[in-house]
Amino acid sequence: MTAPLTSLDRPNSYIGRSLPRPNAKRLLAGRGRYVSDLRLPRMLYAAFLRSPRAHATIVSINADEARVLEGVHLVATGADLAKICTAWTGTLDHFKGMTSAPQLPLPLDRVVWAGQAVVAVVAESRAIAEDALELIEVDYEDLPAVVDIDVAREAGGPQVNPGSASNICFRSQLDSGTVDDAFAHAAHVVEEEFFFGRHTAVTLEPRAIVADYDPAAGMLTVHHGTQTPYQFQDLYSRHYGIPEARVRVIATDIGGSFGMKLHVYHEDMAVVGLSILLGRPVKYVADRIESFVSDIHAREHRVRARMALDTKGEILAMDVLDLTAIGAFSTYPRTSVVEGNQVIRLIGAPYRFRNYRATLEVIFQNKVQTSQYRAVGHPIACAVTERMVDMAAAKLGLDPFAIRAQNVIADDAYPQTSPTGYRFEALSHQACLKRLHEMMGYDDLRAEQAELRKRGVYRGIGIATFVEITNPSPAFYGVGGARISSQDGAIVSLTPSGEVRCLISVTEQGQGTEAIISQIVADQLGLAQEHVKVITGDTEVTPHGGATWACRGAGIGGETALQATRALKRNILEIAALILQEQPSALDIVDGEVVDAGTRNQRMPIAEIARIAYFRSDTLPPGTQAQLTVSHHFAPQGYPFAFTNGIQGCSLEVDVDTGFIRLLKHFIVEDCGRVINPMLVDEQLRGGIVQGLGAALFEECRYSDTGQLVNGSLADYLVPMPMEMPDILITHVETPTADTELGAKGVGEAGTAAASACVLNAVNDALAPFAATINAIPITPTKVLKALKRF
Amino acid sequence: MSGFEETILDEADETVRVRFVVNGRKVACEVAPRETLVDCLRGELELTGTHVGCEMGACGACLVQVDGRAVHSCLMFAVQADGARIDTIEGLTESGAIADLQAEFHRRNALQCGFCTPGMLVNAHELLSQMAQPSREAIRDALSGNYCRCTGYEAIVDAIDAVAKARSVGDAR
Amino acid sequence: MDFEETAVKARAFSYFRAATIDQALDAHARAGDDARFIAGGQSLVPALSLRLQAPRLLIDITHIAELRGIRREGACLRIGALTRHCEMLSEPLIAEFAPLLHAAAPFVAHPAIRNRGTFGGSVALADPASEFPAMTLALDAEIEIAGSSGSRRVKADDFFVDLFETALQPGELITAIYVPLFKADQRFAFDELARRRGDYALVGCGMLATFTSDRIDDIRISFFSVGNTPTRVKGAEAALIGFGLDAERIAAAQAALESDLAPPENDEVPPAMRLHLARVLLGRLLGRLGEAG
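Sequence order for the protein chains is A, B and C. Numbering-wise (numbering that gives the first Met the number 0), the first sequence opens with residue 0 and increments by one. Numbering-wise (numbering that gives the first Met the number 0), the second sequence opens with residue 0 and increments by one. Numbering-wise (numbering that gives the first Met the number 0), the third sequence opens with residue 0 and increments by one.
Wrong hints could be hidden among the right ones.
As the list claims (entries may be wrong) - Below, simulated EDC-like cross-link-like pairs (lysine to aspartate or glutamate); rule was C-alpha separation at most 20 Å, straight line:
1) Lys24(A) <-> Glu10(B)
2) Lys785(A) <-> Asp92(A)
3) Lys664(A) <-> Asp160(B)
4) Lys788(A) <-> Glu267(C)
5) Lys785(A) <-> Asp190(C)
6) Lys233(C) <-> Asp266(C)
7) Lys785(A) <-> Glu257(C)
8) Lys664(A) <-> Glu125(B)
9) Lys164(B) <-> Glu192(A)
10) Lys782(A) <-> Asp266(C)
11) Lys664(A) <-> Glu592(A)
12) Lys782(A) <-> Glu264(C)
13) Lys182(C) <-> Asp216(C)
14) Lys782(A) <-> Glu267(C)
15) Lys164(B) <-> Glu125(B)
16) Lys785(A) <-> Glu267(C)
No lab work stands behind these hints: they were computed from the structure.
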C-alpha cells in the first residue's frame, strides 16, 4: 500500500475525506430537475402501441380513427420513421463473426418480441394518446416464437431471423494451458450446471426523453435521462442526418441508471423522429410496465462448469460452457455479447491456475434485448467460480477460507496475466481474505451455526472473492469501431471572483461524481470545496468524453480533473510569480491564498490574481497573457483496465419448512485503490450489494411458453425492499493504480459482482445437512423446497 | 344537499373545479375527473418534487400527506381530494417540519439519485410522528413500501434512527 | 399480461361525490351497470389507471358519515365500512374486541396504503389474497349491505361466492361489518408467508378458537391466497373441535387440508407447494394457539 495522496490534516485536503454531496440538498428539498419533470412550451406527449405477440408478421395497421381523435397530432408507423432515420446494427468489429439484424425505431413488417413498440401516437396529453391507442387496429400473423434456449439451438428449429442459418449471434472460445491433460490427471473434479434468471435494472425513474427539434434553426435539443449524452449526440446526429454541432443532448438529474440508460431504445429514437416530423417538443416517459418490456434485460445464462484439483486442493483447471440468450437483436451500440464475453473472461480470475477453456454461445430468441447492466457478467462469473470452489472445498474437507487462501494469486506476485488474457496490475486477495475472516468473526459464526443446527435452525455462511473490471481503455469499445469515448475532458476556470468552475464530461447519477470532482479540484488547487462549481451533462457546454459507464467516473474523470487542475494551478502561479516578483516554484496555493511554498506565509488571494488578470491586465508585464481557463483531456494508458478486487461474506437463515431465506448480515472487504470519499464509496458498495441480493433471492423476468413476460409490474417483479435487506459491514484495502496520479479505480459494480454468489454459497452451506443443493438464481422458496423434496 | 344529476354522465371529458389547501395555501384547479392527484400536483401545480415511479402504489415515490397522513398520490384522483389539506415535499421543506430529517439524510448521504427521497421523507416524517423511538426493524417496516434502487437502504435507516434519537433527547430537555 | 395497450391514465369518467347512502344508491341506479363505488380506491384506482376497468361514473362514498365509526352493538362490534386499515391498528375497540383484525392489519400492504384503504372496500373487492376478507370468515362476521330494496345482513360464510364475486348485487353497498365480541375463553392466531413485507402472501391464515380449559370447543380457521375465495377449512376445524391441541391433533388438522384446499395452478407456486405451505403455517399457528392458553 502506498501513502495517501494528500495528508488529511492540511487545509483543503479533500481526497480521502467523507464529505456530503453538495448537490444532494436540492434533491432532499424536492428540487431535483429530472427529465420526467420537464414541460416545454407546445410540448406534446408520445405513447406506443405494442406487440401482443412474441413473433409475428404485421399484416396491416389501421389507425384512421386514432388520427382524427381530438387532441391527436400524429400517428406514426415504422414506415413513417424509416423515411428520416437510418437503421442501426448492434455489432462490434472485434467480436469476430457476430451478427445482428438491422433495427429501426419502429418495425416495418415483423415484430420480434411481445412488448415491442409498433405504432407511435403523439397527442396533447398522455391520456389522450392512450385513448388513441385503443382505436388502432393491427392485424398480425403469428410466426413460431423462439423462447427457450434449447429450442433456439435446435437445428432446423424456428428462427428469430427467418432465412438465417441459425439463432447464433456469436460464438467464442478460449483455450489456454493443457485443460484435457489437467482433468485427466486431477485427483478431484467437481462439476455443476448453473441457471441464471433474466433480470432488469428497474430504475425508479423510468426512461424519460424530451426531443425538441427546431426546424427554423435546424437544431435538435434532446433532454435525455441518460448516462452518456455525448454518445447520443453522435447517434442522433448520424442516424437523423443532422450535423453534430446542431445536436445538443442535455442530461440533467436522472432517477437511476445502472448501465440501463446508455443503450439505444427504439422508443427514444422514435421520439426524436416524431419531434422532427412535428417541429415541436415531444415527451415520452416509459410507464412501469413499458419499462419491464422495453428496458434491456440481463443475465439470462446457463453455464456448465468443471473444475479440476489436485489431492491438496490446488485448483488445476476449469472448463466452462456459457450459453446466453439475448433477445431478438444485439443491442446498439454496445452489443449484447459483452456480458457473455466478460463471463468467460472473469471466471476463475482470483485464482492462480493456468489451464482454462471456455466456450461462449450467444443466442437470439424472441424476448426483449439484453445488454450491459451493473456489474456486466461479473455476478455470473463469480457465482460459477465461487460455487465450484465451495464444492471443491466440501469434497476435500477444506474450509472455504482455507481453499481460497491456498489458491488466490498472492498479493506479492503481481503483475499477472490471467489465462483469459486479462492483465492485473496489483490486487490484494490475501489481505482481503484475512480482513474478512476477522470482520465476520468467522469462527464464532461457525460455532453459532453448529449450536443452532442442533436446535433445528439452519444458518448458512457464504463467502465469495471477486475481481472487477474498471477504468476501461479503448480496448473495450473503441477497437470494435464504436464511437464511445474512453477519454474524458475537463475545462477548469478561475472565475473573476476567485472561484473555480469545472465543466467535465463525466456525468452524475447520484453516485457523487460532481462531489468527488469538486473534492479533487479543491484539493489539487488549494481552495475550499464550496468555491468549486462542477457542471456536467450538457454536450453544448461540457467537453466530449465517455461519461459514465464501467466504473470510470472516479478513475478516469477524476484523473482528468486532477491533471486539468494542476495545469490551472501552474498558470495561476505563473501570474502570481510575475506580480510578486518570485519564481513560480517558490509559491503554492492554500485555502485560496497564494503562499510562500516554504513558510506558508500568505502573499495574496487568488481572487486578486483573477481581478488583475481579468480587469487590470494592463498592470501585468508586456506580453503576458493570463490563461485562467484550462481545457484538458485524459485517456487511460498503460493497463487496458484497472482491475479491482475484494471479497464478500454473508450470514443467512433458511427456514427449511417454508423455503424462505432471511438475510442476517452481509460483509465486504473491497479494494478500489485510492478512496476519494469513503462515505460515497461505501454507498456504492451497499447499493450494489443490495442489487445483487435482489438478484440472488427475488428478481427474475419470467416468461410464458409463448414468450409473454408474466411478471412485468412492480407488484409482480420483486425488487429488494427495506424490510428484507440486511445491514452491511464494510472495510477497505487500498491498492492504488500506478497508471494515474490519483490512483483511483472504480467501485460501482463491486457490490453487485459477488453478492449473489455469496448468497448461493451460504444457502448451500445451510442446506448441507440435507444433501440438498441449489444451482439456480434467484433462489426462491420454490427452489429451496424442491431441493429439500418437501413437495 | 345536492343529488346526482344524470347530465354529468355526458361530461366525462369536461374538467371540474377542485379546491385544496396545498402546502398551506388555498388553490383551485381545473382537472378532468380521470386525472390522478399526482398528475395534478406535478402538472397543474408544478410541484414536481413528488415523483411517479409505478402508478400502482408499489414504489412509494409519490407519497404526499393528505389531511396529515401519508398516501400515494397516484392512488387517488384529484377530485377525491377536493377540500383536503395536501402537503408535499416542497411544503414540508418550506415549513421546516422535516429539516432535521433532511439534514441527517444529507450528512449520511442517505440518497443517491434522489428520486425516492421525497417519498422516503414523507414516510419517515409520519413514522416519527407516531413512534418516538422506533427500532431499526420498525423503521424498515415503515419503509417497506418505499423502493430505492441506489442506496441499499441502510443509510436511510441510519438517518431516521439518528433523528429519532436526537428528537427524543431534545424532548427530554 | 397484455402489453398491447399499456396504459397508466384512466379512461375518462364522470365523478359524483355522495353525501348519503341514499344519494349513492340513487346515483348508481340511475347510471346503470357502468358505475362503480369508490372508497379508499387502493385497488380500484390502479385498475382504472391500467384500464382494466372503465366505468362511466365513479361514485365517491368516502364522505358518507353513516359509513364511519366503530361501536359496540349488543354482542357485536359494528365496524363502519369506511374504517381505514390503519384504524385497525390504532383503535382501542378493535384491539380489545376484534384482536384478530388488529393482528392481521400490519400485514395489509404498507403504511400509506393502510392510511387510505378501507375495511368495507377490502371485503367488497373480496380479493382471495387479502387478509381482511378471510378474517371475516374466521370471525363469523356479518356483512351489512344497503341496496335499493333496503338493508340486509349476510353471513361471511355466505358472502364470498367466487373469484372477485360476492353476495353483493349490482348497485349494492357494504355499510358495516358486524364482528362478535372477543371473549375471555377465546384465543386467536394470525400469520402469513409473504416473500416481502406487505406483499400478497403465498399463504396466509387466521383463526379464532373457543376453549374450555385446554379443549377446543369451537374453532374457525380461514386461509387466504389458496384459491378463488377466502377459504374456511372445515375439515381441519372438525379434526380439532372437541380435542386438546396435541401433536396428533395438529397433524390430523394438517392432513385434512388436502381435501379442504385446492390451490390453483401457478407458474411460480405449484399447487402442491402451496398446500405444503398451508400445512406448515397451520401447524405453526395451532402451536401458538396452544401456547397462548
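So, going through the hints one by one against the coordinates:
1. Lys24(A) <-> Glu10(B): 44 Å, violated
2. Lys785(A) <-> Asp92(A): 44 Å, violated
3. Lys664(A) <-> Asp160(B): 18 Å, holds
4. Lys788(A) <-> Glu267(C): 16 Å, holds
5. Lys785(A) <-> Asp190(C): 23 Å, violated
6. Lys233(C) <-> Asp266(C): 28 Å, violated
7. Lys785(A) <-> Glu257(C): 19 Å, holds
8. Lys664(A) <-> Glu125(B): 28 Å, violated
9. Lys164(B) <-> Glu192(A): Outside the cut-off at roughly 50 Å; violated.
10. Lys782(A) <-> Asp266(C): Given pair Lys782(A), Asp266(C) holds - Cα atoms ~13 Å apart, limit 20 Å.
11. Lys664(A) <-> Glu592(A): 48 Å, violated
12. Lys782(A) <-> Glu264(C): Given pair Lys782(A), Glu264(C) holds - Cα atoms ~17 Å apart, limit 20 Å.
13. Lys182(C) <-> Asp216(C): Between Lys182(C) and Asp216(C) the Cα gap is close to 13 Å, so the pair holds against 20 Å.
14. Lys782(A) <-> Glu267(C): 10 Å, holds
15. Lys164(B) <-> Glu125(B): Distance of about 16 Å is within 20 Å: holds.
16. Lys785(A) <-> Glu267(C): 12 Å, holds
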